[in-house]
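Residue numbers (our numbering), protein chains in the order written: chain E, 1 to 403; chain U, 404 to 791.
Any given hint might turn out to be false.
What the hints assert, rightly or not - Derived DSS-like pairs: lysine-lysine, alpha-carbon spacing no greater than 30 Å straight-line:
1) U:Lys576 to E:Lys286
2) E:Lys345 to E:Lys313
3) E:Lys314 to E:Lys345
4) U:Lys601 to E:Lys63
5) U:Lys672 to U:Lys480
6) U:Lys576 to U:Lys600
7) E:Lys120 to E:Lys345
8) E:Lys208 to E:Lys25
9) E:Lys63 to E:Lys120
10) E:Lys25 to E:Lys3
11) E:Lys113 to U:Lys480
12) U:Lys600 to E:Lys113
13) E:Lys120 to U:Lys601
14) U:Lys692 to E:Lys113
15) E:Lys286 to E:Lys3
16) U:Lys600 to U:Lys672
17) E:Lys313 to E:Lys286
18) U:Lys576 to U:Lys672
19) U:Lys672 to U:Lys692
20) E:Lys3 to U:Lys576
21) U:Lys452 to U:Lys738
22) U:Lys600 to E:Lys63
23) U:Lys692 to E:Lys63
24) E:Lys25 to E:Lys286
25) E:Lys120 to U:Lys480
26) E:Lys25 to E:Lys345
27) U:Lys601 to U:Lys738
28) U:Lys452 to U:Lys576
29) E:Lys3 to U:Lys692
30) U:Lys480 to U:Lys576
31) E:Lys25 to E:Lys314
32) E:Lys286 to E:Lys345
33) E:Lys208 to E:Lys314
As the list claims (entries may be wrong) - Taking beta-carbon pairs under 10 Å as the criterion, some of the chain E residues facing chain U (in silico):
34) Asp59
35) His61
36) Leu62
37) Leu105
38) Ala196
39) Gly197
No lab work stands behind these hints: they were computed from the structure. Note that the Cβ used here is the ideal one computed from N, Cα and C, for glycine as well.
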Amino acid sequence: MIKRVVVTGMGIISPHGAGYSENLKALNEGRDSISEITLFDSSSCRGTTGGEVRGFSFDAHLKRLRASRLDRSSKLLLTAFEEAREAASFSTGGVECPVLLGTTLGGMISGMKYHGAGLKNGFEHISPAPLVDYFAHTHARNLMNEYGLSGESLTFSDACASGAHAIGRAFRMVRSGESVIAVAGGYDTMCEFTFAGFNSLQAVTVSKCRPFDRDRDGLALGEGAAIFIVEEMEHARRRGAVPIVEITGYGSTSDAYHITRPSPDGDGARRAMEGALNDAGIDASKVDYINAHGTGTVYNDLMEARAISAIFKKSTPVSSTKAMIGHLLGGAGAVEAVFTIMAIKGGFLPPNINLRNIDPGIDISITTESDCRAVVGTALSNSFGFGGANASLIFQDLTEVGI
Amino acid sequence: MRVVISGIGLVTPAGVGKECFEEAVFDAHSGIGPSSRFPDSGFASAEVKGFDFANVFADRRFRRSATVTRYGLCAVKESLEDAGLFNTEYNLERAGLVVGVTHGAIGMTCDFHEDLVREGPESVSPALFSDSVLNAPTGNTSLAFAIRGPSHTIIGGPTVGIQALSLALSLIKEGAVDFVVVLSCEELSERVIEAYKKFRLTSGTEMRPFNMEHAGFLCGEGAAALVLESHERALSRGVTPVAEVCSAVVGGSESSVESIERGARRALKAAGVEAADISAVTACANGSKMDAHEGVGLGRVFAHSLPVSSIKQLTGESFGASTLMSVIASALSLKRNRVLLNRDFGQAGPEWSWASLRVRSASTDLTSTLVSSVGLLNEAAFTVLKRL
Chain E
1 MIKRVVVTGM GIISPHGAGY SENLKALNEG RDSISEITLF DSSSCRGTTG GEVRGFSFDA
61 HLKRLRASRL DRSSKLLLTA FEEAREAASF STGGVECPVL LGTTLGGMIS GMKYHGAGLK
121 NGFEHISPAP LVDYFAHTHA RNLMNEYGLS GESLTFSDAC ASGAHAIGRA FRMVRSGESV
181 IAVAGGYDTM CEFTFAGFNS LQAVTVSKCR PFDRDRDGLA LGEGAAIFIV EEMEHARRRG
241 AVPIVEITGY GSTSDAYHIT RPSPDGDGAR RAMEGALNDA GIDASKVDYI NAHGTGTVYN
301 DLMEARAISA IFKKSTPVSS TKAMIGHLLG GAGAVEAVFT IMAIKGGFLP PNINLRNIDP
361 GIDISITTES DCRAVVGTAL SNSFGFGGAN ASLIFQDLTE VGI
Chain U
404 MRVVISGIGL VTPAGVGKEC FEEAVFDAHS GIGPSSRFPD SGFASAEVKG FDFANVFADR
464 RFRRSATVTR YGLCAVKESL EDAGLFNTEY NLERAGLVVG VTHGAIGMTC DFHEDLVREG
524 PESVSPALFS DSVLNAPTGN TSLAFAIRGP SHTIIGGPTV GIQALSLALS LIKEGAVDFV
584 VVLSCEELSE RVIEAYKKFR LTSGTEMRPF NMEHAGFLCG EGAAALVLES HERALSRGVT
644 PVAEVCSAVV GGSESSVESI ERGARRALKA AGVEAADISA VTACANGSKM DAHEGVGLGR
704 VFAHSLPVSS IKQLTGESFG ASTLMSVIAS ALSLKRNRVL LNRDFGQAGP EWSWASLRVR
764 SASTDLTSTL VSSVGLLNEA AFTVLKRL
């Protein structure tokens with residue numbers, strides 16, 4: 001029997017700040033949280049800006065993990081999880097609960113620290129300690145061990161769609177009855193390795209990240225994490241947790257077109273969105289808002305707009321929130337899913353900032369100013385990644401689905 | 404719904420191609436030897452030998468891809484050929500791909516970082532970057548074979564082979580796809596060998612699973628791929644499956660032994676079988692200290708004298724890849740109705756006293772097998788296979 005799946009807790013840390021309230025405020029006002037990179041020297045790169053989590057100090061009281069051994073990615077992840085756990089009143093000790101996470105880099109900062117020291121001093125002389133938190137899959141297990149959770153952990157590395165796939169899989173696990181509750185989300189850090197990589201692909205903006213703009217010249221990278229407590233509705237009610245929103249659809253496809261470029265006709269993206277709509281059992285006209293992947297790169301935005309045009313009516317409001325916080329890679333799908341839910345709960349359309357002149361080849365309705373009079377009952381969030389991995393998620397207000 | 408393995412493909416140190424691998428597995432022929440690629444490491448390793456990518460894979464788009472990707476592409480090609488799905492007309496949107504990876508394209512990752520450190524961001528290669536990302540084998544495989552349904556990269560330790568299998572099983576049972584290619588691949592790297600040496604997990608010159616001294620493992624490499632689809636669909640296509648996959652369960656808890664015991668019991672339950680129904684176990688055992696945990700955990704589940712074997716002396720430890728190789732070896736043992744043999748491993752640890760490790764008889768009545776994989780982070784994964 002198919003179960004209904006709700007979100008009972010969310011945690012977020014992004015360039016907008018730590019916590020749901022701060023992110024909601026910044027999202028609503030359309031704050032630009034992109035600035036010059038400070039975590040490493042980017043002066044030799046063609047672009048030098050990004051979305052960093054500023055003033056972040058990790059002060060969680062850990063019972064089992066050693067904070068000094070943790071990579072920045074683990075710290076962002078644990079910070080987001082703690083907020084989600086509290087919001088959901090989720091008592092973790094001894095609970096069987098799958099943890100599904102998405103990340104592109106894992107602990108690459110730790111990997112760079114180890115490898116950099118080896119290149120400088122010789123590998124025979126260096127400590128392997130940084131490698132403890134390098135492997136991407138260790139973060140989920142660390143979280144489980146710290147909080148006493150048992151069960152499956154699954155770490156997706158589906159590039160920029162990683163976080164969305166993790167949430168989508170958690171949704172499927174709960175909906176099928178495989179699990180009554182799951183932790184899901186995504187995270188990634190601002191890392192020199194990745195920045196240099198995107199810079200070498202000439203994908204990093206040299207001006208401003210301007211999704212869907214005629215003059216867009218690339219993405220701004222960002223960092224952060226978002227975690228969801230995904231739960232079977234009756235299970236949530238029985239334990240007195242308050243459902244925030246329902247997850248009703250998930251679509252997953254591949255482009256099979258190019259290793260870094262999306263299929264220009266938007267075929268894979270279109271099929272992901274159609275898959276999510278079919279999964280939710282709703283018509284495209286029901287969707288009140290689309291949080292686009294909208295990277296600000298030439299290829300993605302044109303492709304995505306074509307895919308959206310093929311399914312949705314022209315008046316459907318669309319915005320990319322990446323111009324505000326940057327592209328969080330493995331964290332993007334999860335953080336933007338929180339933003340999508342904020343639009344539903346807050347009754348507003350997040351703005352697509354920095355848009356001056358819409359690309360004449362793009363025929364969709366981009367929301368450039370925060371619209372606080374909107375009624376968003378159903379919203380869709382897109383995530384498309386390197387290697388042609390596509391994911392779309394649909395969230396619906398509880399009143400929208402008759403709860 | 405019954406789900407079966409309808410095709411297999413292998414690139415392993417014990418043999419490249421399913422026929423060579425099958426021969427090596429039943430003859431217990433080891434692919435371990437002195438390292439030819441990293442002779443200065445002083446370590447033996449399990450290297451893939453006689454691998455000619457250009458000869459197997461004519462598509463020039465992938466000629467410069469990472470070693471791990473090339474192993475994966477060849478294994479997948481063979482698995483699709485074996486399943487009768489290569490270059491045939493099928494709905495590509497109904498095909499899925501799940502890839503389990505531990506280190507990924509570690510050679511290119513290190514090269515890219517070295518260029519960044521020594522020469523700066525102006526000099527790094529974009530091609531090196533795009534081929535170094537963890538999902539590069541997945542993206543390239545999806546591209547090469549036009550797989551347009553769900554494709555996922557799962558990161559993990561030795562358990563990741565079965566984690567990938569578990570996700571693939573879910574995709575088929577949910578009706579999202581008609582078939583899924585499951586792949587796990589790794590490449591040898593001096594940096595990886597060195598790192599495990601620093602963690603005192605590697606032995607140096609020999610690898611003795613089950614041995615009481617737990618001296619450590621030797622690193623390996625390669626790729627294993629299998630095609631999963633419903634039994635009904637395989638039969639309707641006229642394909643003879645290798646074996647049925649009854650369950651694939653992933654779990655973890657605060658203690659490794661507890662994870663193993665609970666995980667194995669859950670895998671049996673999900674498969675609808677009792678411990679007594681299992682004819683043989685293909686263990687994760689690789690000579691490291693984790694063998695003791697595995698022996699104790701499985702010993703709590705299974706009765707005395709159950710045949711237990713490990714193929715790691717043949718393939719080396721290549722994490723998810725060697726786990727998927729173990730799954731395929733176990734499936735082949737069911738198909739042939741022959742128990743897998745262990746090579747000489749010296750004195751077994753007391754944790755394995757319940758098991759029959761010194762298997763001499765090559766044939767028995769195999770009906771179901773369990774494949775075990777154990778990670779360093781208290782995680783464990785199991786799959787139950789059944790003879791068709």
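Okay, the hints, checked on the actual structure:
1. U:Lys576 to E:Lys286: Distance ~29 Å between Lys576 (chain U) and Lys286 (chain E) Cα, so the pair holds.
2. E:Lys345 to E:Lys313: holds (23 Å)
3. E:Lys314 to E:Lys345: Holds. Lys314 (chain E) to Lys345 (chain E) sits at ~24 Å (cutoff 30 Å).
4. U:Lys601 to E:Lys63: holds (26 Å)
5. U:Lys672 to U:Lys480: violated (34 Å)
6. U:Lys576 to U:Lys600: Cα-Cα ~41 Å, so violated.
7. E:Lys120 to E:Lys345: violated (51 Å)
8. E:Lys208 to E:Lys25: holds (22 Å)
9. E:Lys63 to E:Lys120: Roughly 35 Å between the alpha carbons, so the hint for Lys63 (chain E) and Lys120 (chain E) is violated.
10. E:Lys25 to E:Lys3: Distance ~33 Å between Lys25 (chain E) and Lys3 (chain E) Cα, so the pair is violated.
11. E:Lys113 to U:Lys480: Roughly 37 Å separates the two Cα atoms, so the pair is violated.
12. U:Lys600 to E:Lys113: holds (18 Å)
13. E:Lys120 to U:Lys601: Roughly 18 Å separates the two Cα atoms, so the pair holds.
14. U:Lys692 to E:Lys113: holds (28 Å)
15. E:Lys286 to E:Lys3: holds (21 Å)
16. U:Lys600 to U:Lys672: Violated, at about 38 Å.
17. E:Lys313 to E:Lys286: Within the cut-off at roughly 10 Å; holds.
18. U:Lys576 to U:Lys672: Given that 30 Å is the threshold and the Cα spacing comes to 17 Å, the pair holds.
19. U:Lys672 to U:Lys692: holds (28 Å)
20. E:Lys3 to U:Lys576: Holds, because 16 Å separates the two Cα atoms, which is no more than 30 Å.
21. U:Lys452 to U:Lys738: Judged against 30 Å, a Cα distance of about 27 Å means the pair holds.
22. U:Lys600 to E:Lys63: holds (29 Å)
23. U:Lys692 to E:Lys63: Judged against 30 Å, a Cα distance of about 26 Å means the pair holds.
24. E:Lys25 to E:Lys286: holds (27 Å)
25. E:Lys120 to U:Lys480: violated (41 Å)
26. E:Lys25 to E:Lys345: holds (13 Å)
27. U:Lys601 to U:Lys738: Status violated; Cα separation ~40 Å.
28. U:Lys452 to U:Lys576: violated (37 Å)
29. E:Lys3 to U:Lys692: violated (42 Å)
30. U:Lys480 to U:Lys576: holds (24 Å)
31. E:Lys25 to E:Lys314: holds (28 Å)
32. E:Lys286 to E:Lys345: holds (17 Å)
33. E:Lys208 to E:Lys314: holds (26 Å)
34. Asp59: Status violated, d = 25 Å.
35. His61: violated (19 Å)
36. Leu62: violated (15 Å)
37. Leu105: Check passed: Cβ of Leu105 (chain E) comes within 8 Å of chain U, closer than 10 Å.
38. Ala196: holds (4 Å)
39. Gly197: With a minimum Cβ separation of about 3 Å from chain U (threshold 10 Å), the hint on Gly197 (chain E) holds.
Of the numbered hints stated above, those contradicted by the structure are hints 5, 6, 7, 9, 10, 11, 16, 25, 27, 28, 29, 34, 35 and 36, listed in ascending order.
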